[in-house]
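Asks: Modelling step: build the complete structure from the supplied sequences, incorporating the hints.
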Amino acid sequence: MRFWTVIKILVVVVVAIVVAGIAAILSIDPNDYKGDIVAVVEQETGRKLIIGSDIELSLGLTTSFGVKNVMLSNAEWGSRPEMLKVGELAAEVAVLPLITGSISIDRFVLKDAAILIETDRQGRSNLDFKPAGAPPAGAPAPAQTPAAAGGTMGALPSINNVLIENATLTMIDGKAGTTTTVALARAALEADGANAPLEINVAGRASLKGKDLDFALDGTAGTLAALAAGNQP
1 MRFWTVIKIL VVVVVAIVVA GIAAILSIDP NDYKGDIVAV VEQETGRKLI IGSDIELSLG
61 LTTSFGVKNV MLSNAEWGSR PEMLKVGELA AEVAVLPLIT GSISIDRFVL KDAAILIETD
121 RQGRSNLDFK PAGAPPAGAP APAQTPAAAG GTMGALPSIN NVLIENATLT MIDGKAGTTT
181 TVALARAALE ADGANAPLEI NVAGRASLKG KDLDFALDGT AGTLAALAAG NQP
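According to my numbering, the sequence shown is numbered sequentially starting from 1.
Honestly, the hints are just simulated from the structure, not real lab data.
Just so we're clear, the structure is a prediction, and the values are computed from it rather than from any experiment.
A portion of the hints provided could be inaccurate.
With a cut-off of at most 25 Å between alpha-carbon atoms, the simulated SDA-like pairs for lysine to any residue come out as follows [what the hints assert, rightly or not]:
1) K211 - A167
2) K48 - D32
3) K111 - I50
4) K85 - T119
5) K111 - I55
6) K48 - L61
7) K130 - I117
8) K111 - R80
Replies: Spelled out as structure tokens, the structure:
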């Protein structure tokens, strides 16, 4: 499920902000590292990231933060300049697992978001990111070690609680000439870990070919790890 690529990008932002926040222990303003956070995402995606607010941070064994007005640029050929616009992004991250290289997010909040996933008539997808320094199209890719192949966005971390409010996902199929829109009024996902059963409560509206369908889901949907890997719909 390539939609999870978007979530992984946001996770990169989360982790980069937490690392910057640890520097605040040394009386350094984490906002001094905003440029470095932007650079990490641009290095991984080849896209421009804008964080339109200061970083609000509360440090502890579980570190919480919040930012507003986050934007990620679209592919050059895309139908609009931004692929991702987020009004509010917040998270609570366990600090101790970071020491061993693990990422454990206790709570992930996404509000007032507009996400665009599209392909053009040639079948190119705006989810095909081109990291900085990547070889030109058609050129052989250099050999990678397993660690390098994973990259910063290689694995989805453990996420226990996800809350999404007022989010719109637009999917454009350039070949078919169709547009599908899913507007989530609210989506709550909760689990004890990436491999634990995922409790879901979702309400929203889907629009396809001029028809609108209100929907509501309440139940269990496998595991977050399986959803992120695309093994489940």
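Asks: Hint by hint, note whether the structure agrees.
Replies: Structure-based check of each hint:
no., hint, in the structure
1, K211 - A167, "19 Å, holds"
2, K48 - D32, "18 Å, holds"
3, K111 - I50, "16 Å, holds"
4, K85 - T119, "18 Å, holds"
5, K111 - I55, "16 Å, holds"
6, K48 - L61, "31 Å, violated"
7, K130 - I117, "16 Å, holds"
8, K111 - R80, "20 Å, holds"
The structure shown violates just one earlier hint, number 6.
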